[in-house]
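Novice: Could you put the whole structure together from the sequences, leaning on the hints where they help?
Single-letter residue listing:
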Amino acid sequence: MGNQRSIHVGDTLGPFEYTITEEMADIYLAAIDSSEHWLKNHSADGRRWVPPCFTVRDYVYLLLQKKAWGIGGIHTKQESEFFNPAYVGQRLVCRGKVTEENFRKAKKYTVIEYQIDAADGMPIAKHRFTGLVFQKKDHNDARA
Amino acid sequence: MPELRRVTVGTRLPPLSKVVADANTDLIYRLILPLAEKLDSGFKKYADGPNIHTDDSTAQAAGFPGRVAPGVFSLSFISEMLSRFFGIGWIAGGKIKVNFVRPFLIGEKITCEAEVKKTFSLEKSNERYADLEVCCKNSAGDIITAGSARARIQDK
Numbered sequence: 001m002g003n004q005r006s007i008h009v010g011d012t013l014g015p016f017e018y019t020i021t022e023e024m025a026d027i028y029l030a031a032i033d034s035s036e037h038w039l040k041n042h043s044a045d046g047r048r049w050v051p052p053c054f055t056v057r058d059y060v061y062l063l064l065q066k067k068a069w070g071i072g073g074i075h076t077k078q079e080s081e082f083f084n085p086a087y088v089g090q091r092l093v094c095r096g097k098v099t100e101e102n103f104r105k106a107k108k109y110t111v112i113e114y115q116i117d118a119a120d121g122m123p124i125a126k127h128r129f130t131g132l133v134f135q136k137k138d139h140n141d142a143r144a
Numbered sequence: 001m002p003e004l005r006r007v008t009v010g011t012r013l014p015p016l017s018k019v020v021a022d023a024n025t026d027l028i029y030r031l032i033l034p035l036a037e038k039l040d041s042g043f044k045k046y047a048d049g050p051n052i053h054t055d056d057s058t059a060q061a062a063g064f065p066g067r068v069a070p071g072v073f074s075l076s077f078i079s080e081m082l083s084r085f086f087g088i089g090w091i092a093g094g095k096i097k098v099n100f101v102r103p104f105l106i107g108e109k110i111t112c113e114a115e116v117k118k119t120f121s122l123e124k125s126n127e128r129y130a131d132l133e134v135c136c137k138n139s140a141g142d143i144i145t146a147g148s149a150r151a152r153i154q155d156k
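Quick note, the sequences are listed as chains A and B, same order.
Under my numbering, the first sequence has 13 at position 13, and the numbering climbs by one with no breaks.
Under my numbering, the second sequence has 26 at position 26, and the numbering climbs by one with no breaks.
Hints listed in this document are in silico derivations from the structure and should not be mistaken for laboratory results.
Positions of the beta carbon are idealized from the N, C-alpha and C atoms, including for glycine.
It is possible that part of the hints are untrue.
[Claimed, not checked] Cβ pair distances, simulated, as ranges: (1) P123(A) - K97(B): 12 to 20 Å; (2) S125(B) - A119(A): 23 to 31 Å; (3) K45(B) - P123(A): 32 to 40 Å; (4) S121(B) - P123(A): 21 to 29 Å.
Specialist: Right, dumping it as structure tokens:
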């Protein structure tokens, strides 16, 4: 992945928009090996809700958009708050910010706070990722 | 749906056990790939290449005993356990904070657990909440993910 950029405290990420499709919901449920009856029981509005953690991985899109994903990472902490269920057909807007960098044992732990809103402004979730975001050189260092 | 009115300090949620297989990791890549490729055309090359989730030797070179499951799986499983128990009170109103304490391997069975540590009501809304200790353990009983969660207690 060429032209990689490093991210630093204060960098803003996004906005990045996408629409949740039926296929995305199907793949996600299969990935977490889950039937969705526990969601259907609560989806009284007739919409097909996706599980709350569906948007946790959206930091990856924010980093990719910034050309800062590198070659992966190691997730060490996660905080999430869920305001409203997201559903199939809904358009979501993701925005984030790099809020902290901590160095431990020569490794840089990056904190990214990001929020997911529906395109109409309804809040969906707020997340805080902490982890190592590998650039190519970092990954080689981690292996050493 | 459990009888939520009976939730009190010491209530243990029904545990949830799952195994993350290669197929599950592949599906996460399939989920991310279409949008990721639009954002960075090099993503597929990474996703298709050897990495700590897909290749034992790459994982071992990085210091892991074998292919590692993405940590976020354990968070998704804890969330499912809380969704099954609290329903809308978790899906719209829940919050969680976890540390991915140690990696778990592809093919390893993990079990999520939660215990209510405190219940309280908000004066303004009269809504009732539960604070919980949550964790995921591997089959040896080692904690792989641990933290706390808060859910609204709302009967249907």
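Novice: Check each numbered hint from earlier against the structure, then list the numbers of those it violates in ascending order.
Specialist: none
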